[in-house]
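**Student:** Sequence:
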Amino acid sequence: MVQSHPTGLSKNNLLKLFEPRPPLEYKPPSEKRKCPHCISDCFLTLFSRALNLLSLGMHLRLFRTCQL
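Residue numbers (numbering that gives the first Met the number 0): 0 to 67.
Keep in mind that the hints were calculated from the coordinates and are not lab data.
C-beta atoms are modelled at their ideal positions from N, C-alpha and C, and glycine is treated no differently.
Treat the hints with care, as some may be off.
Said to hold, decoys possible - Label-pair restraints from in silico Cβ distances: (1) Leu8 - Pro28: 36 to 44 Å; (2) Leu8 - Ser29: 35 to 43 Å; (3) Tyr25 - Asn51: 46 to 54 Å; (4) Pro21 - Asn51: 58 to 66 Å; (5) Asn51 - Arg20: 52 to 60 Å.
Can you build the whole structure from these sequences, using the hints too?
**Tutor:** What follows is the structure, given as structure tokens:
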């Protein structure tokens, strides 16, 4: 009687699954591209504007509640 694996694979087929693969081809590291920093500056100005508007809104709410 031939023994088989619970998955239905024979011993030879099962061993082929665990054979080592051929070695990977060496690739040198890619060149690091320098990104301009001005892109992040644009976003920082947007955040600073939003924070200013939020703080202005909080001051207005406090002003309204103090007047009541």
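**Student:** A separate judgement is required for each hint: does it hold in the structure or not?
**Tutor:** Now the hints, each set against the structure:
Between Leu8 and Pro28 the C-beta distance comes to about 40 Å, which sits within the given range of 36 to 44 Å. At roughly 40 Å, the beta-carbon separation of Leu8 and Ser29 lies within the given 35 to 43 Å, and the hint holds. Tyr25 and Asn51 have their C-beta atoms about 52 Å apart, which keeps the hinted 46 to 54 Å range intact. In this structure the hint that Pro21 and Asn51 lie 58 to 66 Å apart at CB holds, the actual value being about 60 Å.
Between Asn51 and Arg20, the C-beta spacing of about 57 Å keeps the proposed range 52 to 60 Å intact.
Checked against the numbered hints given earlier, this structure breaks none of them.
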